Structure formats: C-alpha cells, structure tokens
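S.K.: Go by the hints and put chain Y onto chain F.
Residue numbers (this note's numbering), protein chains in the order written: chain F, 1 to 172; chain Y, 1 to 203.
Because the hints were derived from the structure by calculation, they are not lab data. Since the structure is predicted, the reported quantities are computational estimates derived from the model, not experimental observations. Cβ coordinates follow ideal geometry from the N, Cα and C atoms, glycine included. Any given hint might turn out to be false.
[Unchecked claim] Here are some, though not all, of the chain Y residues that point toward chain F, as calculated from beta-carbon distances under 10 Å:
(1) Leu43
(2) Ser48
(3) Leu59
(4) Arg61
(5) Lys65
(6) Phe186
[What the hints assert, rightly or not] Taking CB as the label site, the calculated pair distances span:
(7) Arg146(F) to Ser107(Y): 44 to 50 Å
(8) Arg44(F) to Ala11(Y): 36 to 42 Å
(9) Pro28(F) to Asp118(Y): 26 to 32 Å
(10) Glu191(Y) to Asn129(F): 36 to 42 Å
(11) Arg44(F) to Asn113(Y): 41 to 47 Å
(12) Gly139(F) to Asn151(Y): 34 to 40 Å
(13) Glu173(Y) to Gly139(F): 53 to 59 Å
(14) Thr33(F) to Asp16(Y): 39 to 45 Å
(15) Arg146(F) to Ala45(Y): 29 to 35 Å
(16) Ala127(F) to Thr136(Y): 33 to 39 Å
(17) His35(Y) to Thr81(F): 33 to 39 Å
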Amino acid sequence: MNDKPSETSRRIADELAACGVRLVASLPDNWLTGVIDAVDRDDRFVHIPVNREESAIGLCSGAYMGAMGCAALMGASGFMTVIYAITKINYTYEIPLFLLLTLRGGVGDHHKHHASNSLYLRPVLDAINMPYQIIDDPGDISAISRCYRHTRTFSRPMAVVFTRDLLRGGRP
Amino acid sequence: MNYLDCFRALARRRTDQVVVTSAGNSSQAWWAATHDSEASFYLDASMSLSTMFASGLALARPELKIWAFMGDGAFCMNPGMLMVERQMNLPNLTHFLVSNRVYGATSNALLPNVGSNDYPAIAHAMGLERVFEFRTLEALERDFATVMAANVAGHTFVVLEVEPFSDAEQKLEQPPFDGPELKYRFGRYIEARTDCDVFGYRL
Chain F
1 MNDKPSETSR RIADELAACG VRLVASLPDN WLTGVIDAVD RDDRFVHIPV
51 NREESAIGLC SGAYMGAMGC AALMGASGFM TVIYAITKIN YTYEIPLFLL
101 LTLRGGVGDH HKHHASNSLY LRPVLDAINM PYQIIDDPGD ISAISRCYRH
151 TRTFSRPMAV VFTRDLLRGG RP
Chain Y
1 MNYLDCFRAL ARRRTDQVVV TSAGNSSQAW WAATHDSEAS FYLDASMSLS
51 TMFASGLALA RPELKIWAFM GDGAFCMNPG MLMVERQMNL PNLTHFLVSN
101 RVYGATSNAL LPNVGSNDYP AIAHAMGLER VFEFRTLEAL ERDFATVMAA
151 NVAGHTFVVL EVEPFSDAEQ KLEQPPFDGP ELKYRFGRYI EARTDCDVFG
201 YRL
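Next up, chain F with everything else stripped away, as it sits in the complex (with noise of 0.2 Å):
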C-alpha cells in the first residue's frame, strides 16, 4: 500500500533520471499528474507536453536517432490509438521506446468508461508482442531502469504500467 503518491512521483523521475532519460513526452491521465507535474520542475528533463499520443511516438523515436534517451508518458486510453505509430516505427526500423502507462479498468479503478481498456489493454500488448511490466508496488519502481535498458538491448519498444494503487495510493 501506498500512502504518499507524491513521494512516488519523485522516486519515478529519479528512476527515469538514473538510467539516462533526458526527453519525456507526455499526455495526461488523471493518475499520472503527479509524474508529470514531477518531471515538469525537474531539471533534469527536457518535458514536452505533445498534441497527441503519436506525437509522443514520433518525437521519441527521432530523439533516440540523436542520441537522446527518452520516455513517453500516457494513459491506457492513449495507448490505444498508437499501435499503427509503434508498429510502423519502432518495430519496423527496430528503435526502441519505452512507455510508462496506466492500468486503467484494472482493479481499484473507479471509473468504468475504462471498461474497454480493463477489457483489452492486456491483449492489445500481447497481440503486438510487447513486453511490458506492471509495477504496483513502490518497492519495484526500480524496474523501471531495467525495463529501459531491455528496450536498448533489443531495440524494441516495452512499457511499464502503473497501477492505481501505486499512484494514487490506498486500495478503498
């Protein structure tokens, strides 16, 4: 259980931080504000708030041709409408994203137009065979530096997915 969402953001940036991210795309979903307001103040960022979610795609994978590393972060509903941009790109050409996203319609989420992403988030990651790692804990937020240098490693895209109880906090 996680009682300080605050502190958690800041542990996510660190993380992104320590494994070399400079550039992190982002649309919002309510449980990521906290991350993105956090990664917003931080210096140690370059943070471009993007139009869409491809945007986010197409900026990243430009990003790692110039050396930069970077992350983009989105809601589940978000990722929903890239699968053409990650296929066409990054499987494609063989460059590695890696995404941060939310478990929406998982358990614990209280809003139920989620329903389709409880329903197909999961599968759609299977389907397009892309690994991904739910972190539901503070203490796996560590993964995190893992999951980016999998993406490095094998030049493919990968996502870690946060859960509402570890963003929010609680488990009402």
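M.R.: Just chain Y, lined up with the frame of chain F:
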C-alpha cells in the same frame, strides 16, 4: 510547380542538412533527387509523424540542421503537430509541407476540404512566425536564401505548392532500404557527424 523539379532545386541548395522524409511521394522524390543513403531518414508511411521524428532529432542534436518533409495528406491527419513544433520552437528545424492537395501515396485520392485548406494561415494561427509559401520554382529559386537565413530565432515552416505526381512519377523507385539497414546507416552518420553515441557501441 512540378514536384520533382521542386525537390531537385532543394537538393541543389542543400549543404549539410540532415533530412527526414514522409510517406510515399516525398521519399520517392528525395531519393530520385539525391540517392542519399546516409544523411536522409526515409520514414515510410508514418501517417503524420515525420516532423515529430525530426523534432526529436533536432532537440537531441542542436548542432545539426534538420529538414523534414511532410505531405499535406499526412498534415491533415495531425495538424496539431504544429502546436508541439511551435512550443519547441527549434531553430535548427525546417518543416517543409509539400502540398499537392491529394493523398499522393494512395493514387492521388482527394483530401478533405481540399479547396479551402490554407496551410500558412493554419501555421500563423498556431503562433508560428517564420512561415513561407512557394507556388513557383522561380520564387523558390529566388527567395530560398531567406528561408535558410542563419541564426534564425526559431522554427521555420515552408509550404511548397506542387502538382501531384503523374502516373509515370508514381512509379518512381522507393528508397531501397529495409528498416534496420536505414536505421544503422543514418545512425552511424549521425554518430560520425556529432561524435554522439546512438547505439551504445561504436564500430
């Protein structure tokens, strides 16, 4: 103006710019004009992401000048990209919007609202300041130096009004690279130009 003539004119004026092309016609035309296999990234069929890709590269490598081509078909899919470009306002990025008023990569299928789309006005409305438009080869040849002026304050947006590819031009060769080969050719070129480390190891 003729699409290929326009690209040949740009190729003649290119000095050390790194290029990112968009789907279909701009890749074909740039390949036909240059046969560049190292300093150009042919981002095939990204459906609007060539200038976002170029923006990431331009941010990462401010010492490089980047030209990014995009058809107006791709632009119509994601015009909000200009908000991001304006926000980043990268002085080393030039966005060429190649306006042929069709989806050139798909047999010149019609664009929505084609008669009314005013791309320079859209760019101005999103706050861009360095906006240029060329409708003839003569104007492009005459005024291109202004577009490429050194030490500009921010991002440059250039609309090139061209004719759609003819049936014969549609059969121009596509850049003959598989994705990973292009990644490594381009990435090694970037490493050599800037002494950065794209892939985590140097050959």
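S.K.: Now tell me, hint by hint, if it's right for this structure.
M.R.: Structure-based check of all given hints:
no.	hint	verdict
1	Leu43	7 Å, holds
2	Ser48	7 Å, holds
3	Leu59	6 Å, holds
4	Arg61	4 Å, holds
5	Lys65	13 Å, violated
6	Phe186	6 Å, holds
7	Arg146(F) to Ser107(Y): 44 to 50 Å	47 Å, holds
8	Arg44(F) to Ala11(Y): 36 to 42 Å	40 Å, holds
9	Pro28(F) to Asp118(Y): 26 to 32 Å	31 Å, holds
10	Glu191(Y) to Asn129(F): 36 to 42 Å	29 Å, violated
11	Arg44(F) to Asn113(Y): 41 to 47 Å	43 Å, holds
12	Gly139(F) to Asn151(Y): 34 to 40 Å	51 Å, violated
13	Glu173(Y) to Gly139(F): 53 to 59 Å	55 Å, holds
14	Thr33(F) to Asp16(Y): 39 to 45 Å	42 Å, holds
15	Arg146(F) to Ala45(Y): 29 to 35 Å	33 Å, holds
16	Ala127(F) to Thr136(Y): 33 to 39 Å	49 Å, violated
17	His35(Y) to Thr81(F): 33 to 39 Å	36 Å, holds
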